[in-house]
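**Student:** So you can see what is in the structure, the chains are spelled out below.
There are 2 protein chains.
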Amino acid sequence: MGHGAGGEMMHELIDSHIAPFLPAFPVEVPLRSFDDSAVVDGIVFTTDAHTVKPLFFPGGDIGSLAVCGTVNDIAVMGARPIAMASALVLEEGLEIEVLERVMRSMGEYSEMTKVPIVTGDTKVVEKGALEGMVITTSAIGRRSFHLDHNLEIAEKYRKVSSRWLTDDNLKEGDVIIVSGMLGDHGIALLSFREGYGFESDVKSDVAPLNEVVESILEVGGAVSMKDPTRGGIANTLNEWASKSKIGIEVEEAKIPISDPVRNACELLGLDPLSIGNEGKLVVAVVPQIAEEVLGVIRESKIGKKAEIVGRATKGAGRVVLRTEVGGRRILEPPVGDPVPRIC
Amino acid sequence: MGHGAGGEMMHELIDSHIAPFLPAFPVEVPLRSFDDSAVVDGIVFTTDAHTVKPLFFPGGDIGSLAVCGTVNDIAVMGARPIAMASALVLEEGLEIEVLERVMRSMGEYSEMTKVPIVTGDTKVVEKGALEGMVITTSAIGRRSFHLDHNLEIAEKYRKVSSRWLTDDNLKEGDVIIVSGMLGDHGIALLSFREGYGFESDVKSDVAPLNEVVESILEVGGAVSMKDPTRGGIANTLNEWASKSKIGIEVEEAKIPISDPVRNACELLGLDPLSIGNEGKLVVAVVPQIAEEVLGVIRESKIGKKAEIVGRATKGAGRVVLRTEVGGRRILEPPVGDPVPRIC
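Chains as they are written, first to last, in the numbering used here: chain Y, 119 to 461; chain S, 119 to 461.
If you're looking for bench data, these hints aren't it; they were derived computationally from the structure. Computed from a predicted model, the values in this text were never measured in an experiment. Using N, Cα and C, we set each Cβ at its ideal position, and we do this for glycine too. Treat the hints with care, as some may be off.
[Unchecked claim] Now the in silico label distances, taken between C-beta atoms and shown as ranges: (1) Y:R260 / S:V216: 30 to 40 Å; (2) S:E273 / Y:E410: 50 to 60 Å; (3) S:F174 / Y:T431: 27 to 37 Å.
[Stated by the list, open to error] Quick partial rundown of chain Y residues pointing at chain S, CB under 10 Å, derived from the structure: (4) S134; (5) H168; (6) M202; (7) L217; (8) S228; (9) I258; (10) K419; (11) V438.
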């Protein structure tokens, strides 16, 4: 199961046993860049298999997750999602009421995000370990109308290499903003599963990010964005550091984490920075516009607790956490999966 | 399992318990038309979950199936596939050698079809009933360069309503061509599974159709195309008849079916017309160009055994089979799935 993590084991699986067999073609943002989405011929394209357990959890369900996860992967490239596809694998014996409840949720989030589900597939398999169903959502998007404006603003202050908000686009000095409390999604799921011996009022943060992304692009100055899902912000920051060939310094005290999540993590021996989120945004922005972008995020529904948490520094590929007592430690990407099957 | 068939039970599942919950948006070819792909803003878009059992079978494997199935769904709309996405759900304990063999196969077919796999996702679940893995492939495509020319040729002879090769595009008199032997895929899988008590040399027909589709469009005159996968040609013809509000008459003697497939079907009590194919094309073409299109199909690698099998007639939504002894019977779409988990 560790391979399913989004951490180092998953990287190894993909780098060694999947990607080498797939031929490379000249593509704007290809598979090999391992960004949130690919870009081909101006079309942004992404896919996600959702194997969440349980199907329903405080704050959401597999349906809302499947829509938001995919919409967000398109949005963080600097794009507006224009359509989704949904492939269902259903286990025999799944109650029709459960299926309908999930489809209703997908429909509500399709309505909310204004992204139509235009095509699909449905397969039935024998009862096994799927918890009833797997939903694979894919989405396509077009360049946001505001992306060029956004990049122009950034270019007032420094050269920008990528024309999309890719992981390799950070430079020394860029400011890193987190849109809100981290770890809620993973802890909400864990506390709801049987056998973990604790309860909490933590709700999943599952939410679409396409609106707040557009607002940020209208202000301008963002050079990269990610939604810190599998592997949490520990994974996000390490992706940025290694692909942009920079260092990243983050102040631990600035990272927004709620008390219940902090307590649950201590109880379970988990690092909240390695836990997946489903409605959070991490933005890298040129320092001159950072406060303005922070303001716009805080005005949005999902961004009331947004904070500037750190910045890009010299240094090749390392993420350093400055602790509250003045220490410094390396923040590694998670090796396995601290919380399996949360997305 | 009957719900997984592509027949009437699956229609009922989708029509009653899935589609009604998904909001409708104004889209060129929407979800509700249930075509092989959707079209949004000029982009052709499709998705397929592949739950085939076993993963490897005579003539192919889940990897070749996942690429061809999705490439073909784009092609039959009159489009050229430009990119694929691949989402893997792997069961714990899956041997790395098996994964690599499947990925190598996907890579080979990506190379062969010249369609890059540009984005993906990988999840791991507990061991269950998945036979090791499920692959959901999605693809996007652009309007074929030859589609307008193709429609212009058809319009020399009659009005054409849809600008894509959709299921509702047939009119009385259109000629129906099948590109080759039917039923091979399903029978190859069945004969390879344990416990069916028979063996055969039948190989799956899994093959990409994008090249032959382009050749047909260069000739012109085609009004609709489908690849008769789940539910076989019985399903394909009924989709056409009901959506185009026409009758269809097919001559049983003209339908190409190999002796081993015919024998296996007799032994198992299966109708070869209801069995899924993975490398066959069914084309509806204006009668004046039918022989020319047949010629082009026969020149292609996959079309040596192509035949004109019937035509569109007056009558609302019925498919009639003219049997070899001069009788007539209604060809119904399959109710459940004659052969589950073949795609």
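**Student:** Which numbered conditions among the earlier hints are violated in the structure presented, ordered from lowest to highest?
**Tutor:** When the structure is compared with the hints, numbers 3, 10, 11 turn out to be violated.
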